[in-house]
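**Student:** Residues per chain are reported as follows:
There are 2 protein chains.
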Amino acid sequence: MTRIAACQLAPVPDGLAANAELTADAVREALAQGADVVILPQLVTTGGVLEDAEQARAVAVASGHGVFAAWAAACTARQGSVVVGGFCEAGDDGQLYNSAAVVDATGLRAVYRCAHLWDRERVVFAAGSAPPPVVDTAHGRIGVLVNYDLRFPEWTRTAALAGADLLAVPVAWPAAQPGEGGGPDGQLVAAATARLERVAVACADRSGPGWTAGSCIVSASGQLLAAAGPGRSAAWADVDPEASRDKLVAGSSDLWLDRRPELYDRLTAPRSTSG
Amino acid sequence: MTRIAACQLAPVPDGLAANAELTADAVREALAQGADVVILPQLVTTGGVLEDAEQARAVAVASGHGVFAAWAAACTARQGSVVVGGFCEAGDDGQLYNSAAVVDATGLRAVYRCAHLWDRERVVFAAGSAPPPVVDTAHGRIGVLVNYDLRFPEWTRTAALAGADLLAVPVAWPAAQPGEGGGPDGQLVAAATARLERVAVACADRSGPGWTAGSCIVSASGQLLAAAGPGRSAAWADVDPEASRDKLVAGSSDLWLDRRPELYDRLTAPRSTSG
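Sequences listed follow chains A and B, in order. Its first residue numbered 1, the first sequence is counted upward by one per residue in the numbering used here. Its first residue numbered 1001, the second sequence is counted upward by one per residue in the numbering used here.
Calculated directly from the structure, the hints in this document are not laboratory data. Predicted model only: the values in this text are computed from it and were never measured. Accuracy of the hints is not assured; some may be wrong.
Unchecked claim - Computed far set for chain B versus chain A, every beta-carbon distance over 10 Å: (1) Glu1021; (2) His1065; (3) Gly1066; (4) Ala1162; (5) Pro1241; (6) Ser1252; (7) Leu1257.
To be verified - Cβ-Cβ distance ranges computed for the label pairs, FRET-style: (8) A/Ala269 - B/Pro1270: 32 to 40 Å; (9) B/Leu1248 - A/Glu262: 28 to 36 Å; (10) A/Val12 - B/Trp1256: 51 to 59 Å; (11) A/Gly208 - B/Ala1032: 55 to 63 Å; (12) A/Gln33 - B/Pro1013: 27 to 35 Å.
Cβ coordinates follow ideal geometry from the N, Cα and C atoms, glycine included.
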């Protein structure tokens, strides 16, 4: 079993150094409490809402930044532990990205750039075009998405087909969008995704005024195992990577082998402008 | 609003004439009770479990068969009404298909051949290769899938992108597969699909020993509006076709316009044999 902590944090607007400390503290604390995989929210290094590209550029960091070394140093305290956290990336191409880093004790393992930008994120960021990475770790194969990516079954399917046991998703869910089922709508989307993909899903949300603090962990069968809510520092749950590898639903019926990829070309057709 | 009846039936094994009467009666009764759209189970014309192709061939019908004329005749009793039902199709190519017919008072509107065959269905049937039809009716645009198709997000997405307001799904859910959430697992899959695609989903299940009698109707927001269960003749609910056309989740974020089809080519890649 893999013990997951989906940590809720309220990073300080523009406070790069303060947020580096805040996140490293959160990682250390979660690992001390037994977490194998620690997930941190979207854009956790910069905090606040980025209003425009100028503001974002002032606090963007390259993937070589010290904050990732701090997370890696924290990981040395617990064998095999992994951190996935969102950050505002200054790309080597001069663009800004809404990215997530995967870090373990050996350092930076992968960087993913959000491919589906939410609403005004498009004012600030360029959209990534690489598929979600699936990183082989001591605690299973971790696929990484960011926030709004989770709403696109094509993208979650892409990560699941690449072998992810767990989808780790730094998110930032605005409190203005409550779900009809009572919890944040994003939790219901996470559960629906887990059920259809048969993969565990963990989302780390922002906390503080304006955010749902809806961090959650869903099993590979779509069961909501943990949901944090306001006032809690993290959602905690154990998930079994093996459960995510079982795509057999009956007798000879296997959800992966029974796909008909030769029929799915409508998913890659250019968008029609007629709607 | 569209009033849907997802009818549960226990067709007689091999009883083609008896099942034609059973289904026409069910349609008439549902329409008399106010249904706009009536959905009938998978393979409702033939009943039982088809053990091999010989048995199936003896009861297979072509799309010109009188059972569809009987459904169409029933539809004349209620303006604009539509029937979707599963049948064992004798294709003009000599193959057998696990098909669904869409019928209204004007006659047969469309035939769909199941593309994802469940378990031993593959012993009997050839898999279809055409996309799910989306039929424009007086009660919205009805997309048609059959049974195991519902488990493939690529296929439900294909129907949703083609403009379906409602996914009408003749199913046959074996009682041996209860869902962890209490109801049939298929209901949870239907709800997950509705939530991610923002389209209403209605499944008509088989009743009688060995089947879950799990007919259900889910709203475009993923709410389970009705679930029949054993002893009930149908699940009933009203759904709003307009709700399925609203893909806007916030400000400028539209689930259809924000897709990145140019990135989804991994979904159409041939299956890897290495698993």
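**Student:** Each of the hints needs a verdict: does it hold here or not?
**Tutor:** Hint check results:
No Cβ of chain A approaches the Cβ of B/Glu1021 within 10 Å, the least distance being about 32 Å, so the stated non-interface status holds. With a least CB separation of 27 Å from chain A, B/His1065 remains clear of the 10 Å interface cut-off, as annotated. No beta-carbon of chain A is positioned within 10 Å of the beta-carbon of B/Gly1066; the least distance is around 32 Å. The Cβ of B/Ala1162 does not lie farther than 10 Å from every Cβ of chain A; its closest approach is about 7 Å, which violates its non-interface assignment.
At roughly 15 Å from the closest C-beta of chain A, the C-beta of B/Pro1241 stays outside 10 Å, upholding its exclusion from the interface. Not every CB of chain A lies more than 10 Å from the CB of B/Ser1252, the least distance being 5 Å, so the non-interface label is violated. In this structure B/Leu1257 is not separated from chain A by more than 10 Å, as the shortest Cβ-Cβ distance comes to only about 7 Å. Look at A/Ala269 against B/Pro1270: about 19 Å separates their beta carbons, and that is not inside 32 to 40 Å.
Checked against the given bound of 28 to 36 Å, the beta carbons of B/Leu1248 and A/Glu262, roughly 33 Å apart, stay inside it. For the pair A/Val12 and B/Trp1256, the supplied restraint of 51 to 59 Å is violated, since their beta-carbon distance comes to about 36 Å. Between A/Gly208 and B/Ala1032 the beta carbons are some 57 Å apart, a value that agrees with the proposed interval 55 to 63 Å. For the hinted restraint 27 to 35 Å between A/Gln33 and B/Pro1013, the CB-CB distance of approximately 59 Å leaves it violated.
Consistency with the previously given hints fails for numbers 4, 6, 7, 8, 10 and 12, ordered from lowest to highest.
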